[in-house]
Structure formats: structure tokens, C-alpha cells
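*Asks:* Input sequences plus hints: build the corresponding full structure.
Protein chains: 2
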Amino acid sequence: MIIVHHLENSRSQRILWLLEELRLDYEIKHYKRDPRTMRAPRALKKVHPLGKAPILQEDAVILAESGAIFEHFVQTEKRFGPPRDLHDARRYRLYMHYAEGSLMPPLFAMLVVNKLGLLGRPARKPIMKMLHEHFVYLDEDMADRPYFAGDQLTAADMMMSFPLEAARSRAGLDERYPNLLAWLRRCHERPAYQRALERGGDYAYAG
Amino acid sequence: MIIVHHLENSRSQRILWLLEELRLDYEIKHYKRDPRTMRAPRALKKVHPLGKAPILQEDAVILAESGAIFEHFVQTEKRFGPPRDLHDARRYRLYMHYAEGSLMPPLFAMLVVNKLGLLGRPARKPIMKMLHEHFVYLDEDMADRPYFAGDQLTAADMMMSFPLEAARSRAGLDERYPNLLAWLRRCHERPAYQRALERGGDYAYAG
Numbered sequence: 001m002i003i004v005h006h007l008e009n010s011r012s013q014r015i016l017w018l019l020e021e022l023r024l025d026y027e028i029k030h031y032k033r034d035p036r037t038m039r040a041p042r043a044l045k046k047v048h049p050l051g052k053a054p055i056l057q058e059d060a061v062i063l064a065e066s067g068a069i070f071e072h073f074v075q076t077e078k079r080f081g082p083p084r085d086l087h088d089a090r091r092y093r094l095y096m097h098y099a100e101g102s103l104m105p106p107l108f109a110m111l112v113v114n115k116l117g118l119l120g121r122p123a124r125k126p127i128m129k130m131l132h133e134h135f136v137y138l139d140e141d142m143a144d145r146p147y148f149a150g151d152q153l154t155a156a157d158m159m160m161s162f163p164l165e166a167a168r169s170r171a172g173l174d175e176r177y178p179n180l181l182a183w184l185r186r187c188h189e190r191p192a193y194q195r196a197l198e199r200g201g202d203y204a205y206a207g
Numbered sequence: 001m002i003i004v005h006h007l008e009n010s011r012s013q014r015i016l017w018l019l020e021e022l023r024l025d026y027e028i029k030h031y032k033r034d035p036r037t038m039r040a041p042r043a044l045k046k047v048h049p050l051g052k053a054p055i056l057q058e059d060a061v062i063l064a065e066s067g068a069i070f071e072h073f074v075q076t077e078k079r080f081g082p083p084r085d086l087h088d089a090r091r092y093r094l095y096m097h098y099a100e101g102s103l104m105p106p107l108f109a110m111l112v113v114n115k116l117g118l119l120g121r122p123a124r125k126p127i128m129k130m131l132h133e134h135f136v137y138l139d140e141d142m143a144d145r146p147y148f149a150g151d152q153l154t155a156a157d158m159m160m161s162f163p164l165e166a167a168r169s170r171a172g173l174d175e176r177y178p179n180l181l182a183w184l185r186r187c188h189e190r191p192a193y194q195r196a197l198e199r200g201g202d203y204a205y206a207g
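Those protein sequence lines, which keep their order, are chains A and B. Heads up, the first sequence is in UniProt numbering, so the first residue is 1 and it goes up one at a time. Heads up, the second sequence is in UniProt numbering, so the first residue is 1 and it goes up one at a time.
Mixed in with the good hints there might be a few duds.
Treat identical chains as interchangeable: a pair holds within one or across any two.
Subject to a maximum C-alpha distance of 25 Å in a straight line, what follows is the list of computed PhoX-like cross-link-like pairs (lysine-lysine) [claimed, not checked]:
hint : residue 1 : residue 2
1    : Lys129    : Lys45
2    : Lys125    : Lys29
3    : Lys45     : Lys32
4    : Lys32     : Lys46
5    : Lys32     : Lys129
6    : Lys125    : Lys115
7    : Lys45     : Lys29
8    : Lys125    : Lys46
9    : Lys125    : Lys45
10   : Lys46     : Lys115
11   : Lys78     : Lys45
12   : Lys115    : Lys129
13   : Lys46     : Lys29
14   : Lys29     : Lys115
15   : Lys115    : Lys32
16   : Lys78     : Lys129
Please keep in mind that the hints were generated in silico from the structure rather than gathered at the bench. Keep in mind the model is a prediction, meaning the values are calculated, not measured.
*Replies:* Here it is as C-alpha cells:
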């Protein structure tokens, strides 16, 4: 049995989406953020010492880290992996790592800086500039295809969903980047995405 | 011909290490950080629109994003990839993504917060706490093996080198975490690591 340890408004929403796309059976254990720190609650540490969502439990095996969980299922289910076309496969590999490697750090820094309130103000402009550069690059890169690695949805899109949804909700991803908004709509219209949203509960970033 | 577009004191140092371990021929194009912003110089944008190191050029093909570059060489050279042992392969996958997905965001946030000087002070403590939790977890996880995915060096170690070197140099990775320091020494003693250091030039984090 697959159990997803799912934290509200977090990266684990995309694991639910993946499992719905794969039509696998799974259970969700729901966790709420600590209302003071907004971090994952201590209960998650009992499942895995890192104590962060997503954590996936499959019988006795515990898997952490979104990218690693995606690769596990791409390998076992043989779906949503790298396309055969060499260019598309390269894009797949790029975006599988870019989501967390390049796009999340400025988004996370923005979260930290926003918590500082007025004190954080001097840092906000350079981070927004950095994010804008990412969005311009991504928007151009998505001008000629519906999904990040070509014509079909892959794990790379699902990996990219969380940072781009977070960016849409609170870090300047707006109408200036129409290809990215069209991609987001395309993802959100998928029945599997909607089923994942229903099962996951609170998710502030799908709007 | 392989060309590494290499930025001083950056993630691209680990690409040089990989290429030295693989004993591949390559050229380095050196880039200096902008002395004011400490970010990559504009010249890197001419190579790839993301404009960040590492960028790898192999004939007409341009690859960006450390994780994607590592996977490319693991696939083409069939070395330093996931071990055969199932547990070790799982660790390999975890750490390939954890390096940037979980460990770099608080390190990057610390960099941003440090630039704020006194203003950033309230944010420093929670970030250091977060990093300490990572180090405790990693140090325990490394108690019984020399490398992150078992007995042999893999791409996962090379991916982990940059965040842990940065942490050693400026984010509290010290004698409280002896297994991590032993791992760092083990990496730094490798002849390929030392050759990469000689060829790469300035690298503040290898000490």
C-alpha cells in the first residue's frame, strides 16, 4: 500500500497529482503546518528524520525528496519519463532538476525575506529581478510546445508545477508571461490534477 | 570538444571534479563574479539564457543545471551512477535531488540574509536551526559508510560537495558533525578532486 504523508500547501501536492495520473491506489495522511513557524509539524519527523513533505511510504520503504519520488515511479511504472526524442529528453532532464535547483531557491529566499517585513525590503528587489529573469527565460522556452519536455505531459511538468504555482500566487508570475499561464491552465484542466486537488485538501496555489 | 563555462567559487567546480574523475578532455572558460552583486557576469547569458554556472558545451549542444549535466555523463560514460544494491540506489536517487532540493535553499537564504547585515538578523536563527537539522540527519546517515550511496564514490557525492563545502565555509558545518567532515576529507583527498581544483582556479570552499 502507498501512503503519502501530505502537508497542506506544499510540494507534496504534486505527488498526489502524479499518483492520480498513474491511477495508483494510495492513502493520504494529512499534516497541518505549525501555525507559528509555518513549517512542517513534528509528527512528520516520526516518519522520516528530515521531517519534510513529501514523504512516501510503500510497505516498509520510505522515500523522501520530490525528485527522487518521481524518479522511483517513472522507473517502476514506465510512464511520464524522458521522451524518446533527444532534444525533448534533454529538456526533461533539465527541468527535472531546474525546478528545485534553480527556481525554488529565489522563491524560498522571498518567503524568508517576506517574513522579515520592512527589514527585508532591500533584498526584495534583487530577488524579484532574479525571478523575472527566470520567468522570461521559461516563457520564451515554452512558446512552441505545450509541455516542458515536448508534446506530452512528463514528470518534469509535475516537478515544475509547485514552484510556478507558488510564483503565480505570490512572486510576480502574471500576464507578462502568457505561455507559462497557458501551461498552468493546461495542467490544472487535467482530470488527474483535479482529482489530486480534491483529495489533497487545502492548496493555496492552484487558483 | 567539451567546454565548461566555469564561474569562480560556484557549483561548476563539481563539474570539473566529475570530468577529472571520468578522465575526459575538456576546456575551461573562466568567468568572474560581478564584484558588486556577486552574481554571474552577463557574458554567461551569451552562452545560455539562464546565465548561470555551470554551463556545459559539447560541440553544438549546451547543457545547463548541475543535476542534468551529471545525469548526462552518468548515462554516456556509464560510471558514477546508481549502485546495483537497491538500498544504495535509493540513497543515490535521494541525494542526487536532496543536494539542490533540500540543502541549497536554506544556504541560499542565508546568503541573502547575510547581505542584509543587521536587518537580516531575525531570520538568521531559524535558518541556522534548519541547517543544523540537516547536518544532524546527514551526519547520522553517514555513520556507517564512506560515501553517500555506499562504498563507492558516485555522482551523488559530487552533487553534495558544493552545498556541504559552502556549509563548512560559512554556515555552521563544524566538528559537531564528524562523519560529514570525514566525508569531505575523503573527497578532497581524491587525486581527481585535486586536479579539478588546480584547473578551476579560485575556489573558496575546499579548505
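*Asks:* Next, verify each hint and record whether it holds.
*Replies:* Comparing the hints with the structure gives:
no.: 1; hint: Lys129 with Lys45; result: between (36 Å within a copy, 15 Å between copies)
no.: 2; hint: Lys125 with Lys29; result: neither (38 Å within a copy, 30 Å between copies)
no.: 3; hint: Lys45 with Lys32; result: within (13 Å within a copy, 41 Å between copies)
no.: 4; hint: Lys32 with Lys46; result: within (15 Å within a copy, 45 Å between copies)
no.: 5; hint: Lys32 with Lys129; result: between (32 Å within a copy, 20 Å between copies)
no.: 6; hint: Lys125 with Lys115; result: both (15 Å within a copy, 13 Å between copies)
no.: 7; hint: Lys45 with Lys29; result: within (14 Å within a copy, 44 Å between copies)
no.: 8; hint: Lys125 with Lys46; result: between (39 Å within a copy, 24 Å between copies)
no.: 9; hint: Lys125 with Lys45; result: between (35 Å within a copy, 20 Å between copies)
no.: 10; hint: Lys46 with Lys115; result: neither (28 Å within a copy, 35 Å between copies)
no.: 11; hint: Lys78 with Lys45; result: neither (31 Å within a copy, 36 Å between copies)
no.: 12; hint: Lys115 with Lys129; result: both (19 Å within a copy, 16 Å between copies)
no.: 13; hint: Lys46 with Lys29; result: within (13 Å within a copy, 47 Å between copies)
no.: 14; hint: Lys29 with Lys115; result: neither (28 Å within a copy, 39 Å between copies)
no.: 15; hint: Lys115 with Lys32; result: within (19 Å within a copy, 32 Å between copies)
no.: 16; hint: Lys78 with Lys129; result: neither (39 Å within a copy, 39 Å between copies)
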